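Participant: Using UniProt numbering, the first residue of the sequence shown is number 1, and each one after it goes up by one.
These aren't lab readings, by the way, just hints derived from the structure by calculation. Treat the hints with care, since some could be wrong.
[To be verified] Subject to a maximum C-alpha distance of 25 Å in a straight line, what follows is the list of computed BS3-like cross-link-like pairs (lysine-lysine): (1) 37 with 276; (2) 276 with 146; (3) 65 with 276; (4) 37 with 65; (5) 65 with 48; (6) 146 with 48.
These figures come from a predicted structure and were not determined experimentally.
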Amino acid sequence: MKAGPLAQWFPRGTVTRVVGWFARTRLSRLAVAIYVKRYGVDLSEAEKPMTEYRSLAEFFGRRLKAESRPIDDSDGAIVSPSDALLSEQGSIDGNVSLSAKGVRYSLSMLLAADGSTTSSFDQGWFMTLYLSPRDYHRVHVPVAGKIVGWTHVPGTFYPVNARGVTSIPAVFTRNERVIIYIATDAGTYAVVMVGAFVIGGISLVHVPQVITNRRPASVRSETLNHPIAVARGDELGQFNFGSTVILLFPGQFLEPNSQIATGSLLKMGVRLARRKGAPYGSPVAF
1 MKAGPLAQWF PRGTVTRVVG WFARTRLSRL AVAIYVKRYG VDLSEAEKPM
51 TEYRSLAEFF GRRLKAESRP IDDSDGAIVS PSDALLSEQG SIDGNVSLSA
101 KGVRYSLSML LAADGSTTSS FDQGWFMTLY LSPRDYHRVH VPVAGKIVGW
151 THVPGTFYPV NARGVTSIPA VFTRNERVII YIATDAGTYA VVMVGAFVIG
201 GISLVHVPQV ITNRRPASVR SETLNHPIAV ARGDELGQFN FGSTVILLFP
251 GQFLEPNSQI ATGSLLKMGV RLARRKGAPY GSPVAF
């Protein structure tokens, strides 16, 4: 099923920018209670009472009480970067590698990169995590390492819920996204943050110069001269309204059959899988 003419014509970028603007205004705080009720947000986990948020955007990007998201500290654990549904996972087969609801799409298109980058993920593993409107929308480090580079790929803003992924071919390669590369002793993995309709804003803790949902824009990449060390569970960035995170791991990175089941509902910090060869109890070393 493909997106119809109306979906192709609809000014998604403009609507996304307008909604984003409104969500940052003080007036939008009146919508917070409606949002909480509509999506069943668990307020007991929030760092502050609902009445203290100055806008809908501030509430959406809310921090949580530290004790509400313990980070799995077992040896070799790869943890979930966010609250999410693990909607897809599987092996990466060359360049035409990833699957979304049975539709295959190109790794080079997703990363806006050539074979020198994509080849390292051949025979690796991907995980697609969908963040619903009720979820906590900050994204954290799955495996300790060093941020060695990033890419910002402008694009459109199709929905990335189950219907959007099914009806819009290769939607993750068409939407705006930011890719963060993190090097470890077992290889370099990627965290791909994908924007969506009414969810254009992505901000990064360590790369504040990346500004999304602005036009005109072109693909930008940077290899860091001074890589940034990050620990498991450290904050990487946030969606200023939800979306999808795709994790890409190189071959021989994951312990076979250590992954949790597709369809699992996750909390940030729970274990997704184990690193291959990492003895239980040993930290990542550099």
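Participant: State for each hint whether it applies.
Facilitator: Consistency of the hints with the structure:
Taking the CA atoms of residue 37 and residue 276, the gap is near 43 Å; set against the 25 Å cutoff, the hint is violated. For the given pair, residue 276 sits about 19 Å from residue 146 by alpha-carbon distance, which is consistent with the 25 Å threshold. A C-alpha spacing of about 32 Å is found between residue 65 and residue 276, which places the hinted pair above 25 Å, so the restraint is violated. Pair hint residue 37 plus residue 65 holds up; C-alpha atoms about 20 Å apart against a cutoff of 25 Å.
Annotation: proposed proximity of residue 65 to residue 48 holds, straight-line Cα distance about 8 Å (limit 25 Å). Restraint check for residue 146 and residue 48: the C-alpha separation of about 31 Å exceeds 25 Å, so the hint is violated.
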